[in-house]
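S.K.: One-letter residues, chain by chain:
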Amino acid sequence: MKRLYYEITESFRIAFAQIRANKMRSALTALGVIIGIVAVTLMGTAIRGIDTGFQNSLNMLGDDILYVQKWPWHNVEDWWNYVGRPPITPDLAGRLNTVIAQTPNSLLDIAVPVAGRGTTAKFGENKVSSVFTIGTNSDYSRILNVDFKEGRLFNDTEDASGRNVCVLGYDIAEALYQGRSPLGEQVFLNGHPFTVVGVLAKQGSFLGLMNFDNQAVVPLEAFRKAFGVRRGSELRVKVRDKNRLQDAMEELTGAMRRVRAQMPGVRDNFSINEQGAIKAQLDPVKQGIAMAGLFITGLSLFVGAIGIMNITFVSVKERTKEIGTRKALGARRRTILLQFLIEAVSICLIGGIVGLALTYGLVLGVGAAFPAFPVEFSISLVFISVMVSIAVGIVSGFAPAWGAARLDPVVALRYE
Amino acid sequence: MTPAPAAIPFNRVTRPPGPLVIDIEGVTKLYKMGSEIIHALRGVSLQIRRNEYLAIMGPSGSGKSTLMNMLGCLDTPTAGRYLFNHKNVAHMEDDELADIRNREIGFVFQTFNLLPRSTALANVELPLVYAGQPHHARRERAMRVLEEVGLGERMYHKPNELSGGQRQRVAIARALVNNPSIILADEPTGNLDSRTGVEIMTLFEQLYEEGNTIIVVTHEEDIARHARRIVRLRDGLIESDAPAT
Numbered sequence: 034m035k036r037l038y039y040e041i042t043e044s045f046r047i048a049f050a051q052i053r054a055n056k057m058r059s060a061l062t063a064l065g066v067i068i069g070i071v072a073v074t075l076m077g078t079a080i081r082g083i084d085t086g087f088q089n090s091l092n093m094l095g096d097d098i099l100y101v102q103k104w105p106w107h108n109v110e111d112w113w114n115y116v117g118r119p120p121i122t123p124d125l126a127g128r129l130n131t132v133i134a135q136t137p138n139s140l141l142d143i144a145v146p147v148a149g150r151g152t153t154a155k156f157g158e159n160k161v162s163s164v165f166t167i168g169t170n171s172d173y174s175r176i177l178n179v180d181f182k183e184g185r186l187f188n189d190t191e192d193a194s195g196r197n198v199c200v201l202g203y204d205i206a207e208a209l210y211q212g213r214s215p216l217g218e219q220v221f222l223n224g225h226p227f228t229v230v231g232v233l234a235k236q237g238s239f240l241g242l243m244n245f246d247n248q249a250v251v252p253l254e255a256f257r258k259a260f261g262v263r264r265g266s267e268l269r270v271k272v273r274d275k276n277r278l279q280d281a282m283e284e285l286t287g288a289m290r291r292v293r294a295q296m297p298g299v300r301d302n303f304s305i306n307e308q309g310a311i312k313a314q315l316d317p318v319k320q321g322i323a324m325a326g327l328f329i330t331g332l333s334l335f336v337g338a339i340g341i342m343n344i345t346f347v348s349v350k351e352r353t354k355e356i357g358t359r360k361a362l363g364a365r366r367r368t369i370l371l372q373f374l375i376e377a378v379s380i381c382l383i384g385g386i387v388g389l390a391l392t393y394g395l396v397l398g399v400g401a402a403f404p405a406f407p408v409e410f411s412i413s414l415v416f417i418s419v420m421v422s423i424a425v426g427i428v429s430g431f432a433p434a435w436g437a438a439r440l441d442p443v444v445a446l447r448y449e
Numbered sequence: 002m003t004p005a006p007a008a009i010p011f012n013r014v015t016r017p018p019g020p021l022v023i024d025i026e027g028v029t030k031l032y033k034m035g036s037e038i039i040h041a042l043r044g045v046s047l048q049i050r051r052n053e054y055l056a057i058m059g060p061s062g063s064g065k066s067t068l069m070n071m072l073g074c075l076d077t078p079t080a081g082r083y084l085f086n087h088k089n090v091a092h093m094e095d096d097e098l099a100d101i102r103n104r105e106i107g108f109v110f111q112t113f114n115l116l117p118r119s120t121a122l123a124n125v126e127l128p129l130v131y132a133g134q135p136h137h138a139r140r141e142r143a144m145r146v147l148e149e150v151g152l153g154e155r156m157y158h159k160p161n162e163l164s165g166g167q168r169q170r171v172a173i174a175r176a177l178v179n180n181p182s183i184i185l186a187d188e189p190t191g192n193l194d195s196r197t198g199v200e201i202m203t204l205f206e207q208l209y210e211e212g213n214t215i216i217v218v219t220h221e222e223d224i225a226r227h228a229r230r231i232v233r234l235r236d237g238l239i240e241s242d243a244p245a246t
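Here the protein sequences line up with chains S and R, keeping their order.
To convert, count from 1 in the first sequence and add 33; that's my numbering.
To convert, count from 1 in the second sequence and add 1; that's my numbering.
These are calculated hints, taken from the structure and not from any lab test.
Only a predicted model underlies this, so the values are computations on that prediction, with no experimental measurement involved.
For every residue, glycine included, the Cβ atom is placed at its ideal position computed from N, Cα and C.
Errors might be hidden in some of the hints.
Taking lysine-lysine and the DSS-like style, the derived pairs with C-alpha atoms no more than 27 Å apart in a straight line are [said to hold, decoys possible]:
#, chain 1, residue 1, chain 2, residue 2
1, S, K350, R, K33
2, S, K35, R, K88
3, R, K159, S, K350
Listed next, with one range per pair, are the computed distances between beta-carbon atoms [unchecked claim]:
#, chain 1, residue 1, chain 2, residue 2, range
4, S, D441, R, K88, 20 to 28 Å
5, R, E141, S, F335, 46 to 54 Å
6, S, V415, R, G151, 25 to 33 Å
7, S, R447, R, E94, 44 to 52 Å
8, S, L37, R, L84, 26 to 34 Å
9, R, H92, S, V415, 12 to 20 Å
Chain R with its partners taken away, still in its complex shape (with noise of 0.2 Å):
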């Protein structure tokens, strides 16, 4: 599907850039396919900051989806540094990475990811559950995101009574309530209509200019567009990186 060109605003507002949060220098990754090696990542190099927007762009087979599992701390680079806030994540074992993953990461995807037969407020809670937060704290704080994505009225409903548009609002809301350092979303308006791409684009603009940190991974130009730098990748190697015009 091929949403229309969402309306990006003229007057957009440029955060300026904090502190590195993460420092990739580097990077390859191998993967074995039965006799085959495949190279994924050749050797990337990236930094990102506090405060920025960033899109990374790039045709299926060109790493995108490798850098960003990496970059989620889902998965860990054959060779190469990866430091997130200063600590090198590219040796973590599965427990620590997890923690990580707790802490500093909201995941956004595609295809939503929440659990069916939750209701979105437990849904949201569930990051809290790992982070071991008490019950009524964890209840607290997911209500209040809920309510800043607009979803206060509709807490207690379970996906399959939500919209694909308040789904995704859920599984932001998701993202969010564990105060990550980054929220990293792969294809977040994949699985929706160019209207209800636009509303999660202008939220996403929003939560950017409240002061978080969003990499948004992509392959549609309108989606990147709404980033402040974009990132392209081809054959495992990144082919420019620039601010998006």
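With the rest of the complex left out, here is chain S (with noise of 0.2 Å):
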């Protein structure tokens, strides 16, 4: 055990002078196991970040809110037994609401209607198109996960009497005052003049498609006079306890069916949708990029691992009488296993921290340019890669130093 932990001693003191010693060579070997590193790392930052963007995006939906709608959230080959369902009015949500206040122990909270249209946002000159408005009543404030960036919501009043009034998005906002605040300014929704009560915080976009931060939110009757209900619209409904999705779901849509008078045995005429539905979706697309990804990547690993391996068979080469003099002095099979091993391992180690410093500074640098670009920097993500140098070190090490192990003392004492 003693005699193993020397050797093992012995072995790094003579792979840092042999490094030392051949700082060329050892320095161009590194550099194939650095830009595998950093390549490996960097698409593992660049995957994290994916996934971190991902899950924001997801919680932007709010993982306390079911989506009661028409359609599904996934796709559907039986259309025509969704087509004919009646449409989701912004009536059922007080229905709802009082049969969630008739139920005791309710795991739902509240409902709130919700309808939306696109539309064109006009101040003055300025133009902002595609604007996503939503028409629901001030209940809204219960299920908005996101804080005012000024201003408030509209107040039961101006609910009720259907005031034109409006919340605008963060984007919208900046886009059409420029900075200056919009509060108590007039802003024409699809040639509609609202007067401005509140501004949203940025919230981001959900998976680059949908931005939150370009919508605006007006009275549902003042959505209704200026856009008309006709498309429907969906509920939201909030839950007491998002741990307890499943056992919401199955009382929203008992209360549902109440509300609708669905027969016993009757398909549900409705939707109940959760943002876990897209998760389920879209992971396997996820994980699909990931693995390409990874694997793309690995081959210039793959490559650095050649590097290595070739750089030990030379050290073997090169030093065949050394390790006929180190046999003759006793050193076991494993002696000089051990030896090449570890000198292969520290190339690599040192490859890969080089190649993680360099990771972390791109990191920082890509983050501070691209603050949008999804990048993550993680101590599993150190962890890992030093196990993969490791790693790396010892399988491509493997072959030269087993070599070197097994050669014949007197072949390898009489090499020159």
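Dock the two chains into a complex; use the hints.
M.R.: Spelled out as structure tokens, the structure:
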């Protein structure tokens, strides 16, 4: 045991002496590993970043919100079973809330009607197209998971009377008013004038597809006047305990069937959607991208590993006589194997650590230059890359080191 | 190079032989060179006792090198018996032989075979590393042996900062450091000028007188004459085995 320890420390001493003696060669070999580690870890940070961005996007939908809609979020093949469903009308929300109030220990908190439509917002000469305008009631504040940058949501009175007031998303407010406060200003939505009472804080976009900062929120009655609600709306239902989402979904299904007065045995004529469904659909895609990315970048690490193997073969060849001498002095096979393995691992570790430092710098740089670009550095990444470096050293160093360990001392001593 | 005859002290002592260290009987060694089979040793029997100073001589191709490798436990015989300190080493595995070499045999090579990037001290310590000795004990022992061979001043020099004679002294210190049963020197003066060769042979003489068992393999009569017993090989057989005159 003790002997093994001395052999290992001696091997490290030799390895570093060897690296110092062959600086250029070691540096070039390490460069292969550095490039490999940088590629793989950058890919790793990007994958993690995408994952986090994805999760953030999902959280914008709200992990405690159930969506009652005509269509489910997953693809359906039997579309004819859905197309004939009655539309979800805003008045269902009130009736649903009555049922919720009557249910003892209900898992549901509140139902809020939301109607939406793409439109154009104008202020003077400034114009923003494809603004997502939402018509809802003052309960919207209960399901809103973003703060106000300034102002407030419309109140019950404005809601009930259908006053033309609105809350603007961050990006619209910026585009239309360019830094000035829009509070009290008039904005034209679909040609109808609305008074701005609030601006939402920045949220970001959902998977880069749907921009949450590009919405305008108005009272439902005002929405009806400006856009009509023939296209139907949806209900957003907040649950009390997001850990019991499944139970809450079942309760909501029962409540909706009661509100809709559906007979037992009849299929639901509505769908209850939640963010988990999107996650389940997109997860395989995400994993596919991650696998492909890691495989391709892994190839560069593989090239680095070949470099290590090559240099270890050269090192063994060059030092054949030294191996013979060491064997004559009592080095066992294990000793020689360890010596060359440790040399290979040392170069890999140096490459790995330098590569990791470069990645860290790049991530900081990219993060500073493009705040929107999803990259994320983590401790587990450090741990994994160090482990990968060691593994690369062992795997690529093994064949040459094993060859060295098995050398016949007589042949090795005679080698010139 | 032909070194001038080294001065052999007339008043040299011959120590009484001790217990048997090496006992070889009927050892043969075959090599395959392509389709040809070479009989390097054709049945050699040899006994060496502790406190002996032995020279093995022979022209190239006589089997001298093969016998030396065998004695040094670097190689195993094709057939025959080899007892080292009464232990049969003829059929040992690589790692067992490595342990025997580490503890029982001190090698001195013609080309010194020092590790170029290690100091004299680290070179001498190496067998002790393989013996599993702790750092401070290694250092202490290696320093003492280096002082014995007269290199106390140059312990921290690397081989390329030492002369040929000094290098061979480092190699001898390395051979001595683990208190081996025998010191096996292969043409120890072959790469040295005659004056330095004499110095090295004087050192061997001194080590012998201090109680070491020394086997020198050489093709030079002048060097062999330093030993107390000369074994001559020819064509894989022992031609003569007699006390040195």
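S.K.: Work down the list of hints and note, for each, if the structure agrees.
M.R.: Tested hints:
1. S/K350 to R/K33: Answer holds: S/K350 to R/K33 is near 23 Å, not above 27 Å.
2. S/K35 to R/K88: With a Cα-Cα distance of about 26 Å, the restraint between S/K35 and R/K88 holds, given a limit of 27 Å.
3. R/K159 to S/K350: 23 Å, holds
4. S/D441 to R/K88: 20 to 28 Å: Between S/D441 and R/K88, where Cβ atoms are some 22 Å apart, the hint holds.
5. R/E141 to S/F335: 46 to 54 Å: With a Cβ separation near 48 Å, R/E141 and S/F335 satisfy 46 to 54 Å, so the hint holds.
6. S/V415 to R/G151: 25 to 33 Å: Given about 52 Å between the Cβ atoms, the range is violated.
7. S/R447 to R/E94: 44 to 52 Å: Given a distance of about 22 Å, which is not inside 44 to 52 Å, the answer is violated.
8. S/L37 to R/L84: 26 to 34 Å: At roughly 30 Å between Cβ atoms, R/L84 and S/L37 fall inside 26 to 34 Å, so the hint holds.
9. R/H92 to S/V415: 12 to 20 Å: Violated - the Cβ-Cβ distance for R/H92 and S/V415, about 51 Å, lies outside 12 to 20 Å.
Comparing the model with each numbered hint stated earlier shows that hints 6, 7, 9 do not hold.
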